[in-house]
Amino acid sequence: MIKSVFIANRGEIAVRIIRAAKDLHITSVLGYSTADKDSLAYRMADKKVCIGGPKSSESYLNISNIISGAIASKCDAIHPGVGFLSENADFAEIVTSSGLIFIGPDSATIRLLGDKIASRNVAIEAGVPITPGSTKAVIDIEDAYTIAKEVGYPIMLKASAGGGGRGIRIVRNEKELPHALTISKTEAMSFFMDDAVHIEKYLDHPRHVEVQLMGDGKGGAFHLGERDCSVQHNHQKLIEESPSTAISSLMRKRMTDDAVRLCSHLHYKGAGTVEFLVQDNEYYFMEVNARVQVEHPVSEVVNFVDIIKEQFIIASNEKMSMTSSLSSIQSHAIEVRINALQAGIIKELHLPSGPWVRVDSHIFRGYSVSPYYDALLAKIIVHTAERQECIDIMLRALDELEIEGVATNKDEQIAILTSKQFRSGAFTTQLYEQLFPTKGENDE
Amino acid sequence: MQTKEIQKIIDLLQQNNINEIEYKEKDIYIRVKKDAPVYTHSAETPPIKQEVVEQKNNHTIIKSPIVGTFYRTPSPDSPPYVEKGSKVKKGDPLCTIEAMKLMNQLIAEFDCEIVSILVNQANLVEFDQPLFEVTPL
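Chains A and B supply the protein sequences, listed in that same order.
Letter by letter, the first sequence follows residues 159 to 602 in this note's numbering.
Letter by letter, the second sequence follows residues 1091 to 1227 in this note's numbering.
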């Protein structure tokens, strides 16, 4: 088993990783930026190394400082957490070539899955349905016209090096195509330093459903059921739940089987998520997130599995605690993300607790919400026997939640949970825009 | 391709901690490469310039700009770069910090006298960790 892990991350996920390390008697060494010196993760870690200034580029993205810190503090592994360097294939490769264990998939797998065209082709190889569209980068405008005509408008132009909803342009008719192609190539170049774009059918009322997977790196893989992440704003997930109300048990079986087959085909190592879009009783492969995800607790509670712990076990080349995929869903879990709407100091704080409530958070009274990093303050997870009760208890938890000094999205989350649409389970990724029409969507 | 666009690519390189960009579009091909790579196994010793300096009492504290292993000597059998009381000229090396198999020399940014050396040989230094207490001359 890994003896000492260097955590190259911050906030709630750093705290989560430290907890799992403690459970496994692994020494935790936190790499932190000067802005995170008073953080909860800093207080909880066994050792800490300052890896740079407040800007992510100076610290949490500073590969040299992270590797040097890990080696000099005698760690044998690096956990990248989520975001930052977690899906950076070059980083994973440098970690390994420095003689350390990268807690995540192989760099080659990360590289492959980071390329959206390559991952569409891998999905085809594994027999997983993809959205209609191209399997190669668009060559020129003539090529784009041909593919778009085959697929049928509206279509999406997607940056092949993109992901997580970034670098996408919707094209509604042939007239818009030349201009959109030029713009999306330029954008792809400036965001991802790769101007390859491809075409996919645009689904206008989809659900976002993803399957949690754990792979042993040798072709063995288990799934932990699905999560529905359809409540989003500007592609940022706000509420996640398991099981999804969007799929039948038959579709669940097909979708999870497909995800396991894909993971197995890739010899995928560690935790990963296969994202699908579901529309009109069909599902389509979207992408694989080659890391643990923010919303992993939803799957943890419905399966009684500690995903971070399993990541450590798999990275240590030991046998996973799980011996099979989730057999049937017998309970319901919802996660609500509480985000800060601005930076500031938390003056008063009460986090909810009580039956069926789990809170993963890094904030405390006096904590300064930094403008340098993401806005996530807390994840509230409720786990009950069925969905309606789960919503009720989540509302009780949100009612208890008190954060003063920093404006949050709490009221918005309550409005979503109490909406008829969310209650009914029949809604799409457009739910947020339907409930809050004035807040608009970023032009993409 | 406009000079402005080339500048944009150079900016991308600077901002994203990467070493090389290739850009292709129709008949244009451009490749921009950084002089000093961020990661290399080479044993060369490029000086690190950006010192973090802080005032404390009457002294100036020179802090570590990177994370690595601190060495007072250029090689195991050579004498230390500086001792307590050494007078150092701008541009003189102060210590070596090993980061990812790369030996980085920390260079004095101003003339100064070493008041104290705050880190022991071969210890881990963090970003921002005080290394030397000096008096500017």
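The hints are simulated quantities; they were obtained by calculation from the structure and are not laboratory data.
Keep in mind the model is a prediction, meaning the values are calculated, not measured.
The beta carbon of each residue, even a glycine, is placed where N, CA and C say it ideally should be.
Hints are supplied without guarantee of correctness; some may be wrong.
No farther apart than 20 angstroms at their CA atoms in a straight line, the calculated lysine to aspartate or glutamate pairs in the EDC-like style are these [unchecked claim]: (1) LYS1191/B to GLU300/A; (2) LYS343/A to ASP1182/B; (3) LYS343/A to ASP1167/B; (4) LYS180/A to GLU433/A; (5) LYS1153/B to GLU1112/B; (6) LYS1114/B to GLU300/A; (7) LYS359/A to ASP464/A; (8) LYS161/A to ASP196/A; (9) LYS1191/B to ASP1167/B; (10) LYS1098/B to ASP352/A.
Using C-beta positions, here's what the derived DEER-type ranges look like [to be verified]: (11) GLY1181/B to THR596/A: 40 to 46 angstroms; (12) GLU558/A to GLU1144/B: 52 to 58 angstroms; (13) LYS213/A to LEU1208/B: 35 to 41 angstroms; (14) ASN392/A to ILE1197/B: 57 to 63 angstroms; (15) ASP569/A to ILE1197/B: 50 to 56 angstroms; (16) GLY377/A to GLN1097/B: 47 to 53 angstroms; (17) ARG1121/B to ASP196/A: 30 to 36 angstroms; (18) ARG1121/B to TYR311/A: 36 to 42 angstroms; (19) LYS213/A to GLN1097/B: 48 to 54 angstroms; (20) GLN488/A to ASN1210/B: 38 to 44 angstroms.
Legend entry - Structure-inconsistent hints, enumerated in ascending order: Structure breaks hints 1, 2, 3, 4, 5, 7, 8, 11, 12, 13, 14, 17, 19 and 20.
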